Amino acid sequence: MTTSAFHPSLLLADAVRQWMFRPSRGATYSAGTDAMFMFLFWFSTAVFIGLMVPMVWWTIKYRWKPGQRLLYSKSHNTALEITWTVIPTIIVVFMFLAGFWTYARQQIAPSNAVVLSLSAKKWSWDLSYPGGISATETTRNGAVDIPVFLVPEDTPIQLQMISEDVIHSFWVPDFRFKQDVFPNRFTTFWFQTEKLTPSDHDNTDLPYPNREHWVFCAEYCGDNHSEMAAIIRVVPREAFDSWMRAPWPEGMKPEEIGFRLWSLKGCNACHTLDGSPGTGPTWKNMAGYEHDYTDGVRRMADANHMRNAILNPGSEIRTGYTNQMPTYAGTLTNQDLNNLIAYMNTLSDRGARTGFDDPSSDNGDDQ
Numbered sequence: 001m002t003t004s005a006f007h008p009s010l011l012l013a014d015a016v017r018q019w020m021f022r023p024s025r026g027a028t029y030s031a032g033t034d035a036m037f038m039f040l041f042w043f044s045t046a047v048f049i050g051l052m053v054p055m056v057w058w059t060i061k062y063r064w065k066p067g068q069r070l071l072y073s074k075s076h077n078t079a080l081e082i083t084w085t086v087i088p089t090i091i092v093v094f095m096f097l098a099g100f101w102t103y104a105r106q107q108i109a110p111s112n113a114v115v116l117s118l119s120a121k122k123w124s125w126d127l128s129y130p131g132g133i134s135a136t137e138t139t140r141n142g143a144v145d146i147p148v149f150l151v152p153e154d155t156p157i158q159l160q161m162i163s164e165d166v167i168h169s170f171w172v173p174d175f176r177f178k179q180d181v182f183p184n185r186f187t188t189f190w191f192q193t194e195k196l197t198p199s200d201h202d203n204t205d206l207p208y209p210n211r212e213h214w215v216f217c218a219e220y221c222g223d224n225h226s227e228m229a230a231i232i233r234v235v236p237r238e239a240f241d242s243w244m245r246a247p248w249p250e251g252m253k254p255e256e257i258g259f260r261l262w263s264l265k266g267c268n269a270c271h272t273l274d275g276s277p278g279t280g281p282t283w284k285n286m287a288g289y290e291h292d293y294t295d296g297v298r299r300m301a302d303a304n305h306m307r308n309a310i311l312n313p314g315s316e317i318r319t320g321y322t323n324q325m326p327t328y329a330g331t332l333t334n335q336d337l338n339n340l341i342a343y344m345n346t347l348s349d350r351g352a353r354t355g356f357d358d359p360s361s362d363n364g365d366d367q
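In case it helps, the numbering used here puts the sequence shown at residues 1 to 367.
Honestly, the hints are just simulated from the structure, not real lab data. Keep in mind that a hint or two might mislead.
[Stated by the list, open to error] Once the Cα atoms are required to be at most 27 Å apart in a straight line, the calculated DSS-like pairs of lysine-lysine come out as:
1) 253 <-> 284
2) 74 <-> 61
3) 195 <-> 178
[As the list claims (entries may be wrong)] FRET-style restraints, in silico, Cβ to Cβ:
4) 195 <-> 50: 37 to 45 Å
5) 131 <-> 186: 14 to 22 Å
6) 46 <-> 110: 13 to 21 Å
7) 173 <-> 132: 45 to 53 Å
Just so we're clear, the structure is a prediction, and the values are computed from it rather than from any experiment. Glycine included, C-beta positions come from ideal geometry on N, C-alpha and C.
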């Protein structure tokens, strides 16, 4: 018998899988999860048809008719009872063992996995690489910019995850796996993508093959829960190593990097740039102005104040707002802080001038 005899059924099975899930191009263990789910689906379908069709047929064939004597129904059949006990038990044990093996593969990372730190907060994801490097690229998702996390192909990656506020859930549909992220404790998530092929070009602007996998939060965490997303972009090893050596494009100004960080670090979830109110104060015309605080003190928003507000947000709270901002101490380098402050200054008509621009072009007031 040739394998071609199986093609129609295989095509049907794959069509159902494609209808239920996204294409399986994620982690190396994704195919096992799909296979386990589809086995349960088709087994349940077969059992349902095997029970319902005879039931309907027998209901019609053996229905009682007027004038007909009722038939005697047996109350016991040892062979039948043993059969429907032993066979389902064997099947259920197989399901347990296969499911446990699939679950174990998802939970236990290889010993050579590269460990990266991932933090979750309302409402963004932040991934830290060796050397304090973070994501440097964003992409638009609805009304917000979300980070793009670069990972090398065919490399085991283990994420050590923690939340800075409430419970979140790190979910990658392409990987067929998700893991809750808690405050005050670590959880882990590991994956290894398959090797890229020349046909992989999810982002056509890049000159090399790449795949992109969406990340969502699968645990309701507040107002902007639906916008808490990210992209995992799988790239060739040489492209990843090149990015690690020079994460920011050459010649990018500090304020331009600060704008990127505004999106990458989740500042955009609470702080607007146009003066409109948000969960936190707007950054428009914040720098260089005095503001009232809940302790009754009026303070000038200079570089030291902005730095302290980022690292110790609960120490000085603006009037009209509550302390909902997590601390960024340990997650931002001094250079990151400088870049953010440089960007805040550009949003204010009293912001401090940076660099060696022509003084005649300064549109701010002298302080």
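task: Return the numbers of the hints above that this structure violates; sort them in rising order.
output: Hint check: 6 and 7 fail, others pass.
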